[in-house]
Structures are given as C-alpha cells and as structure tokens.
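Residue numbers (the working numbering), protein chains in the order written: chain A, 1 to 231; chain B, 1 to 231.
FYI, nobody ran anything at the bench for these hints, they're computed from the structure.
Watch out, some of these pointers could steer you wrong.
Pairs involving identical chains hold if they fit within one copy or between any two copies, as the list cannot separate such chains.
Calculated cross-link-like contacts (lysine-lysine; reagent style DSS-like; alpha-carbon spacing at most 30 angstroms) [as the list claims (entries may be wrong)]: (1) LYS52 with LYS230; (2) LYS61 with LYS152; (3) LYS210 with LYS152; (4) LYS201 with LYS152; (5) LYS83 with LYS152; (6) LYS61 with LYS145; (7) LYS61 with LYS48; (8) LYS29 with LYS145; (9) LYS29 with LYS61.
Residues per chain are reported as follows:
There are 2 protein chains.
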Amino acid sequence: MSKSIVLFSGGLDSTTVLYWALSTFGEVKALTFDYGQRHRLEVSMAQKIAQKIKIPHKILKLDLGQIGGSSLTDTNYPLPEFKTLEDIGTEPPSTYVPFRNGIMLAMAAAWAETQGIWNIICGFNVIDSPHYPDTRQEFVEAMAKAINAGTKASLAQAKFHLLSPFINLRKSEIIKKGLSLGADYSYSLSCYRGQEIPCEKCSSCLLRQKAWQEVGLRDPLLVRLKKEGKL
Amino acid sequence: MSKSIVLFSGGLDSTTVLYWALSTFGEVKALTFDYGQRHRLEVSMAQKIAQKIKIPHKILKLDLGQIGGSSLTDTNYPLPEFKTLEDIGTEPPSTYVPFRNGIMLAMAAAWAETQGIWNIICGFNVIDSPHYPDTRQEFVEAMAKAINAGTKASLAQAKFHLLSPFINLRKSEIIKKGLSLGADYSYSLSCYRGQEIPCEKCSSCLLRQKAWQEVGLRDPLLVRLKKEGKL
Numbered sequence: 001m002s003k004s005i006v007l008f009s010g011g012l013d014s015t016t017v018l019y020w021a022l023s024t025f026g027e028v029k030a031l032t033f034d035y036g037q038r039h040r041l042e043v044s045m046a047q048k049i050a051q052k053i054k055i056p057h058k059i060l061k062l063d064l065g066q067i068g069g070s071s072l073t074d075t076n077y078p079l080p081e082f083k084t085l086e087d088i089g090t091e092p093p094s095t096y097v098p099f100r101n102g103i104m105l106a107m108a109a110a111w112a113e114t115q116g117i118w119n120i121i122c123g124f125n126v127i128d129s130p131h132y133p134d135t136r137q138e139f140v141e142a143m144a145k146a147i148n149a150g151t152k153a154s155l156a157q158a159k160f161h162l163l164s165p166f167i168n169l170r171k172s173e174i175i176k177k178g179l180s181l182g183a184d185y186s187y188s189l190s191c192y193r194g195q196e197i198p199c200e201k202c203s204s205c206l207l208r209q210k211a212w213q214e215v216g217l218r219d220p221l222l223v224r225l226k227k228e229g230k231l
Numbered sequence: 001m002s003k004s005i006v007l008f009s010g011g012l013d014s015t016t017v018l019y020w021a022l023s024t025f026g027e028v029k030a031l032t033f034d035y036g037q038r039h040r041l042e043v044s045m046a047q048k049i050a051q052k053i054k055i056p057h058k059i060l061k062l063d064l065g066q067i068g069g070s071s072l073t074d075t076n077y078p079l080p081e082f083k084t085l086e087d088i089g090t091e092p093p094s095t096y097v098p099f100r101n102g103i104m105l106a107m108a109a110a111w112a113e114t115q116g117i118w119n120i121i122c123g124f125n126v127i128d129s130p131h132y133p134d135t136r137q138e139f140v141e142a143m144a145k146a147i148n149a150g151t152k153a154s155l156a157q158a159k160f161h162l163l164s165p166f167i168n169l170r171k172s173e174i175i176k177k178g179l180s181l182g183a184d185y186s187y188s189l190s191c192y193r194g195q196e197i198p199c200e201k202c203s204s205c206l207l208r209q210k211a212w213q214e215v216g217l218r219d220p221l222l223v224r225l226k227k228e229g230k231l
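Model the full structure from these sequences, guided by the hints.
Structure, rendered in structure tokens:
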C-alpha cells in the first residue's frame, strides 16, 4: 500500500484527500482532468497547489463537451443559481456531468496501470452532495470491480483499491481533517462559474460557504484574495 | 428495448454487431472512438460503413496517447509481428491498451445517458482474443453495475444494458452470423498497422486471416482491394 494516485480537482475535498494521501502513502501522484469544464481555472490552481507541496502532477485532457448534457461543459445551458442550499432540490442538477467520475476513474486506472500503482484515492463525499450518483459508495465499489476485471490486474496479484476515505463525512468535517493535516486551502477553488472570486450563487459556492461557517473560520481563499487586493 | 448504441470500431466483430443491432433494435446509433490509435484509418472506414448503411454515427475524440503503455497508441513501442497465432503467447501483448474498453464504455454510457438510450452493444469476443482482459464477461457485467450505480439511471427506472452477444463465439462464427444478416465487410479494417492493405504480420491480421479461412471464403476487403487495383 505504498504508492497512490489522487484524483485532484483542486477543490476542498480533493485538496484534503491529497494531504490525507501524503500522510498515508509513501508515494503520491496527483491527477487532474482538464475536461472542458467551464471552471477550468481549477486546473491551473490545482497545478499551483501541487507545485507548492512538491508532488508529481499529471494533467489529462478529455473533452466532455463532445458529450454535453451538463451546464458545466456546455455553456448553452445556464448555470443554476440558488439563494439557499435548500433550493437545490433532490434531483441531479444540470451541473451533473454524465458519468464524469466513471470516465475519470477509468482513465485514472489506465494511467495507474502504466505506472504500476494500485491505489486510487478520491475525495468523494455524499453527505453534502447527495444529488450526484457518481460519488456514492455503491458506485465506487462497482467501479473497483470493473477496473480489477478489465485490466492486467485481473491476471496478476496486484489489485486496484479505490479509496474514498471521506465518503461519509460532512464537508466541514473534511475541512477540519485537512486543517489537522496542515492543508493550505488558499488556492483551492470551488466556484462553478470559473472565476477566482466566488460567485456565491452556484451550489458549489453555497456548500463551501456553509462548510466554513460550520468550521467557524474564514475561508482561506477569501483571506488570500483580500490580502492580494482582489476582494 | 428499442433504442441502442453500438460501439463500432469498424472491425469484423463490431461491424457484425452493428448488423445484429439493426436486426434487433428499432433504433441504432454507431459510436466510434478516435482515440489516438495508430490504425486511425479505421475511423474513416467506420464512417464510410455507417454512411453506406445509413445509420447515425458519432465520433468521440479521446487522446489515449497521453496515457501510453501500448504499442497501439505510442509509436515508440514497436508493433509486434508474428509468424503464426501460436507465437502470440498467453500474456496481454503490447497491443493491449490500458483499460481501453472501460474508458470507452464509460464515455459511451455518458453519451447514451444524454440521448435517453439504455442499450449499449459491444462486439467483444474472448474466444479468439483471450489476452485482452477488457473484453471478458466478468468485466462487462461489472462495468454495467458501475454504470447503473453512477448515472442518473440509478435514480430512475431506466437501466443500462451492456450487451455482448458474440462474447462466446469464434471469429469465424461471428462472420457467418454477419453474412446471414447481409453484412458488408469490404470496408471493415482490422490491421493494427493502419494501412488499408493488411500487413498480414500483426495479431489482428493473423486472426482475421484464420477466421476467413475457417469460413471458407475470400476476405471481402481483399476482394475489393484487388478490384480497385490496390492489391
């Protein structure tokens, strides 16, 4: 269990899981997808975070705009805005990207296989984001089986492990975990609108706001932006 | 069970399964991946076949060269040549593309979801290609579970079906099936080298040669090439 790859979007959850992996595995590589997301700025910020903590970082390009069906990859869809988290409802919102995590985990497994790495770490959590089917434990377990059946791992002793250590934590609990591990969130972006300054209207901004309120601290991203005169 | 998407590379198996789908489903769409394969010519030939039989055809771009680890996507690896099929051995050859079918099925499911189509048809067969882990029944079943758990299908009544009707057929039996359905194989390519004229040295050419020998007919591709003065 010494080498690992972390699915790293640069958001709060994956930044935390990156620090968790560093405290757990001997070797950690970060993997970010430049998938045609409208908030593509997260890719360069993820790169900045990886450089700051000096871990190898791979960026894979993937054009999910060809598939469409989501307001995150197709700007013809308006990005939904909410006043409160309760307004989001119970159905997957238009920011659901069809089977995004399935595609990313499949590509992560392929890349991991070329590296001889069998641990893939995800920051998925369902407590605060129950609307996205591709973050649930049932999905992660099924995907692990598919990867183990469809790669050379099926023929050798090495077996893939997909780990989602935060799947049942609230976002505020994830942040506390990260702070205890020394995580720096000042470059971590969440806003779907794709600006460094949070729009505070998309569901991702609202979730982030609520989490920092629960933690009882000011969001380090806002602290940095203020310091830099951007807020 | 009326609408379907066929994973269509343009090879013998997927050409046959396309005809099978046309005989089985009310609506058929073909899906081809331009994934950085060295035999990329198969994409334009697949397009030609789809046009000839007048079915909607989607081509998704995907750069598996970024992941590497295969002589099909990385020309730094030499393409293995064999004298006989027995020389191939029992291990996955360098033409294995890490988790290729997992990645393709994940993207196919995403696209299918945007179309409201729940049947994905694959021409996988393991009898003649036991070296590729991502064509086996165990993999297909696990992948179907992952797709059903990780898409909106998990929340609705619609459920994805991954169908591999030829998984236990020999390639010659697949061809016979196709011929009985009126399949035209004259534009179907198999050669890994990526030329229209088969190299007759790669494993894919050897398998195709053997299959047509078993069927007892001359390969329609060669018949066409001769007619066009290319052979």
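Taking the hints in turn, this is what the structure says about them:
{"no.": "1", "hint": "LYS52 with LYS230", "verdict": "within (21 angstroms within a copy, 58 angstroms between copies)"}
{"no.": "2", "hint": "LYS61 with LYS152", "verdict": "both (24 angstroms within a copy, 24 angstroms between copies)"}
{"no.": "3", "hint": "LYS210 with LYS152", "verdict": "between (43 angstroms within a copy, 26 angstroms between copies)"}
{"no.": "4", "hint": "LYS201 with LYS152", "verdict": "between (45 angstroms within a copy, 24 angstroms between copies)"}
{"no.": "5", "hint": "LYS83 with LYS152", "verdict": "between (48 angstroms within a copy, 25 angstroms between copies)"}
{"no.": "6", "hint": "LYS61 with LYS145", "verdict": "both (25 angstroms within a copy, 26 angstroms between copies)"}
{"no.": "7", "hint": "LYS61 with LYS48", "verdict": "both (17 angstroms within a copy, 28 angstroms between copies)"}
{"no.": "8", "hint": "LYS29 with LYS145", "verdict": "both (22 angstroms within a copy, 28 angstroms between copies)"}
{"no.": "9", "hint": "LYS29 with LYS61", "verdict": "both (17 angstroms within a copy, 26 angstroms between copies)"}
Checked against the numbered hints given earlier, the structure satisfies every one of them.
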